[in-house]
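A.B. asks: Take a look at the letters that make up each chain.
Number of protein chains: 2
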Amino acid sequence: MIKTTSTNYINAQTLHGLCDAAYTLAMISGRWKLTLLVKLREGNQRFSELKTQLPAITERVLALQLKELEKSGLIIKKASALKSKLYHYELSPLGKSLDQVIQSLSDWGKINNLQSEL
Amino acid sequence: MIKTTSTNYINAQTLHGLCDAAYTLAMISGRWKLTLLVKLREGNQRFSELKTQLPAITERVLALQLKELEKSGLIIKKASALKSKLYHYELSPLGKSLDQVIQSLSDWGKINNLQSEL
DNA sequence: CACTGAACTTACAAAATTGTAAGCTAAACA
DNA sequence: TGTTTAGCTTACAATTTTGTAAGTTCAGTG
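Chains as they are written, first to last, in UniProt numbering: chain Z, 1 to 118; chain G, 1 to 118.
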């Protein structure tokens, strides 16, 4: 879906070569990705659990975001041993290493996000 | 340009109410925003300076990103005192308070962004 | 007063993301 | 064996972001 010949794509790549922060940002950008990481950190692991945690997300988008997170290596999809056909998702070591990043984002938001006081 | 009635917009708002990290992320998301903040932190302040620092950015997009950052309160546009018609941009106190966030993003990228080794 | 350069703006188009609605598959259950 | 349920996938469309190309405005310079 991404055209690797587009100016947009090339600009992103160039930027990631120039700015580490922008690279990190790109890994966690996407409407629901960051929140998914937070939820996974809290222990929710099944597709349906995540769906419940993010009421407004559609199955299509949830599947997409999970797939991208998996492709970036931040999460791992595993078949659950006991009940066959059931999967669960978990943070990879790389995903866990984002802890400090997520914490910073969360801390800043806690202070500056007026909406969260509602 | 943003339709405040779209599902997309509503989902974003809902998410920001549920997840502080997502709120913070939204403030700094945009192809060049984060890198602009980094450059401003390094002292580049004029429109043309910023343009030079980010070779591939177009004037239109630079103006757009600066305007959004200003609207979010992260930067301030000031008329330079001496030479009239010249402006400069600087980080607001709110923008400066992102320091830890940007540092975390940058640190993680430094470790995990293979491209930056080129 | 013509000319240049900085800092934009406008009209348009391409690309990318996100959402809607429906369907599909395999296991589990009644 | 028919029905559910979880976990997707597909075709499509709306929305949003980003880029292209060309102008505009106004101060400073010669």
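Because the hints were derived from the structure by calculation, they are not lab data.
Quick caveat: nothing in here was measured; it's all calculated off a predicted structure.
Just to be clear, a hint being listed does not mean it is correct.
[Stated by the list, open to error] Computed spacing ranges between beta-carbons, pair by pair:
(1) S48/G to G43/Z: 45 to 55 angstroms
(2) A56/Z to R46/G: 20 to 30 angstroms
(3) S80/Z to G73/G: 38 to 48 angstroms
(4) Q103/Z to S72/G: 33 to 43 angstroms
(5) T58/Z to G17/G: 10 to 20 angstroms
(6) T58/G to P55/Z: 33 to 43 angstroms
(7) A56/Z to Q53/G: 33 to 43 angstroms
Every residue gets a Cβ at the ideal spot worked out from N, C-alpha and C, and that includes glycine.
A.B. asks: Give a verdict on every hint.
C.D. replies: Outcome of the hint check:
no.: 1; hint: S48/G to G43/Z: 45 to 55 angstroms; result: holds (50 angstroms)
no.: 2; hint: A56/Z to R46/G: 20 to 30 angstroms; result: violated (42 angstroms)
no.: 3; hint: S80/Z to G73/G: 38 to 48 angstroms; result: holds (46 angstroms)
no.: 4; hint: Q103/Z to S72/G: 33 to 43 angstroms; result: violated (21 angstroms)
no.: 5; hint: T58/Z to G17/G: 10 to 20 angstroms; result: holds (19 angstroms)
no.: 6; hint: T58/G to P55/Z: 33 to 43 angstroms; result: holds (39 angstroms)
no.: 7; hint: A56/Z to Q53/G: 33 to 43 angstroms; result: holds (38 angstroms)
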